[in-house]
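On the provided structure of chain X, position chain A as indicated by the hints.
Number of protein chains: 2
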Amino acid sequence: MNRRMFLTNASRSAMVTGVGLLGAPAVHATTRYAWTMVTAWPKDFPGVGTGANNLAQHIARMSDQRLTITVYGAGELVPAFDIFDAVAAGKAEMGHASALYWKAKHPAMPFFATVPFGLTAQEMEAWLRYGGGEALWDALYTGFNLKPFAAGNTGVQMGGWFNKVINTVEDFKGLKMRFPGLGGDVLARLGAQIVDLPGSDILPALQSGAIEAAEWVGPYNDLAFGLHTVAQYYYWPGWHEPGAVLECMIHKPVYEALPADLQAIITQAMQAAYSDMLAEYTAGNNTALMTLVQTHKVQLRRFPNAVLGRLGKISQEVVAALAATDPMAQKVYQSFHAFRKHAIEWGQIGEEAYSLARSLTSTF
Amino acid sequence: MNRRMFLTNASRSAMVTGVGLLGAPAVHATTRYAWTMVTAWPKDFPGVGTGANNLAQHIARMSDQRLTITVYGAGELVPAFDIFDAVAAGKAEMGHASALYWKAKHPAMPFFATVPFGLTAQEMEAWLRYGGGEALWDALYTGFNLKPFAAGNTGVQMGGWFNKVINTVEDFKGLKMRFPGLGGDVLARLGAQIVDLPGSDILPALQSGAIEAAEWVGPYNDLAFGLHTVAQYYYWPGWHEPGAVLECMIHKPVYEALPADLQAIITQAMQAAYSDMLAEYTAGNNTALMTLVQTHKVQLRRFPNAVLGRLGKISQEVVAALAATDPMAQKVYQSFHAFRKHAIEWGQIGEEAYSLARSLTSTF
Chain X
1210 MNRRMFLTNA SRSAMVTGVG LLGAPAVHAT TRYAWTMVTA WPKDFPGVGT GANNLAQHIA
1270 RMSDQRLTIT VYGAGELVPA FDIFDAVAAG KAEMGHASAL YWKAKHPAMP FFATVPFGLT
1330 AQEMEAWLRY GGGEALWDAL YTGFNLKPFA AGNTGVQMGG WFNKVINTVE DFKGLKMRFP
1390 GLGGDVLARL GAQIVDLPGS DILPALQSGA IEAAEWVGPY NDLAFGLHTV AQYYYWPGWH
1450 EPGAVLECMI HKPVYEALPA DLQAIITQAM QAAYSDMLAE YTAGNNTALM TLVQTHKVQL
1510 RRFPNAVLGR LGKISQEVVA ALAATDPMAQ KVYQSFHAFR KHAIEWGQIG EEAYSLARSL
1570 TSTF
Chain A
1210 MNRRMFLTNA SRSAMVTGVG LLGAPAVHAT TRYAWTMVTA WPKDFPGVGT GANNLAQHIA
1270 RMSDQRLTIT VYGAGELVPA FDIFDAVAAG KAEMGHASAL YWKAKHPAMP FFATVPFGLT
1330 AQEMEAWLRY GGGEALWDAL YTGFNLKPFA AGNTGVQMGG WFNKVINTVE DFKGLKMRFP
1390 GLGGDVLARL GAQIVDLPGS DILPALQSGA IEAAEWVGPY NDLAFGLHTV AQYYYWPGWH
1450 EPGAVLECMI HKPVYEALPA DLQAIITQAM QAAYSDMLAE YTAGNNTALM TLVQTHKVQL
1510 RRFPNAVLGR LGKISQEVVA ALAATDPMAQ KVYQSFHAFR KHAIEWGQIG EEAYSLARSL
1570 TSTF
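Line by line, the protein sequences give chains X and A.
Quick note: to get my numbering, add 1209 to the position in the first sequence (first position is 1).
Quick note: to get my numbering, add 1209 to the position in the second sequence (first position is 1).
What you were told as hints is all true, and nothing was included just to trick you.
For each label pair, taking beta carbons as the anchor points, the in silico distance ranges come out as: (1) Q1539/X with E1379/A: 50 to 56 Å; (2) T1500/A with M1537/X: 27 to 33 Å; (3) D1535/X with E1379/A: 57 to 63 Å.
Selected chain X positions facing chain A (in silico; Cβ < 10 Å): (4) H1267; (5) S1272; (6) R1338; (7) W1448; (8) L1517; (9) L1565; (10) S1571.
Hints are computed from structural coordinates only; laboratory data are not their basis.
Note that the structure is a prediction, hence the values are computed from the model and not measured.
Even for Gly, the Cβ is constructed at its ideal location relative to N, Cα and C.
Bound conformation, chain X alone (with noise of 0.2 Å):
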């Protein structure tokens, strides 16, 4: 079509003016909600917290507040580890969260968080929204009355902060951990004592000594923690966290009562908040990194290849056993594993490579 034909296509359809204006005001009949969102992190922390709250606004801003949803932290209503129960009881209409707590709820749950050894941010997005994850994780959230939407990633954590060295697998053993997940299993068969502990209480542990060891995020969220006061060493990479999803679920049958129009707000707000907060994590961490290594002197370390190759492997039998407990679980992981084949054969052509390259021959 020419130039011609498209200015008269455009004349037809009341483009003219570009404004675009068609007919009269419509007149629009609503009703009002008020939401109470619960959340495991203490209230405005960096990426985590403040990614709840951005998602709250953006969902308020785009329905002309016929849906405003009001955050807590972390024990203002619920303690951390309860969201999930007090959501599925629609004790509140929201919980901001990470699948990875609720592993004692169905052995499905860490693969809609994180995965030792498992897949990055940007491809766990995929596999969520295009590899058939997201189906898995509807069904299972389903049997506990819960509609669960990827609402956030931390991208690749760190490896946690230590006090002694890590030379071999030998030197977990007995080592007083926060560890949560897989990656504490994986830990535990290494004799590891693992302690499960909410974020804010981490500094605390380690100051008495309740714990010597611990994971929380990566710089950016580690160095507002203040880890860096009580632990000496930083590790890494981040082998058991590799791109950890933060959940925001809702009761599910107050979703289902809304409107189509609030339903699809509600959807693309969660998906546009997953890549936002990985926005504001990839942006911060570096920054982090840089005045906890240089203001106050924490050493980074690299898990020796033995260390990563033994992890790896037991990795592989900690996520297959826990798999093989279940037949959901089993269905859910052979998904999973099958997407992550793919996902490392790309990436060795695309993204890994590609930042290799970057890497060997940065000169600008």
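Below, chain A alone, put in the same frame as chain X:
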């Protein structure tokens, strides 16, 4: 706060039913808008084209059909490379393309699409939203009466299709290639003859011998165009387009005339579309790559390190030279350049380090 207080609180804010309805239905006066989106892609083309369609659908659903958008493929209303001018002039309200194509309009343009040896998709989003990039892009496009949004990303692309083996940079000499953006400028310095072509013209140009080599996107898109039917070698990594941003620009006066809720809906839909498209490519690329290699016997080849090193050095010169031609381009370059340094440093501890460790230990 304990559970008893939580329940008390919940009762106070009328959450006991779990529904949270507030007051009587409100009446909401609205205006309807019917917009046109012109795109630089074949109608419904996987990834870039379907991403534009999805974006339009999500906006319509979220706005309860108050803002509907009709999407046109390249050439249906306006040729691919005329989109910028058409939307700037208000002949269409929206345009879906890539700033890569508008280098002749302003030397700062490529930084908002992709730069050789520049940022990955995830890093680009971090720079745009949390590193100052978006404000600079807004300022640049305001001069053209446009409001820009990042609305998609292809992820790391492939290094192109060739019928000769690339052993040294001498092998680019005299080669007639479709290679847009700054990557093309880099190869031109090595003696390649760069030809500007929209995507749909690549296959016929390779068939007729008008060009001898070409890059398009990656396996998911290149398979769809059938480029394997006319070229034998498929090179990696995509040094020239490590995370190409798809833009959706809006004629600024019509965007500003929208009510705040529709502006918020558009903004969030764009952000959701960014990573949704990336997820589609991430999921689709490896399956397509396997088809290319196993069914169509395409030969995958990695550029030799010496070639990548030379391309990296020339890329540095080309990018810096471009920035030096204009104060705004220089300002954008400085911001991008500083962010890139941080991104590389963090990547080497974070994502790149993790992917390498996973490849090293990958057994399950």
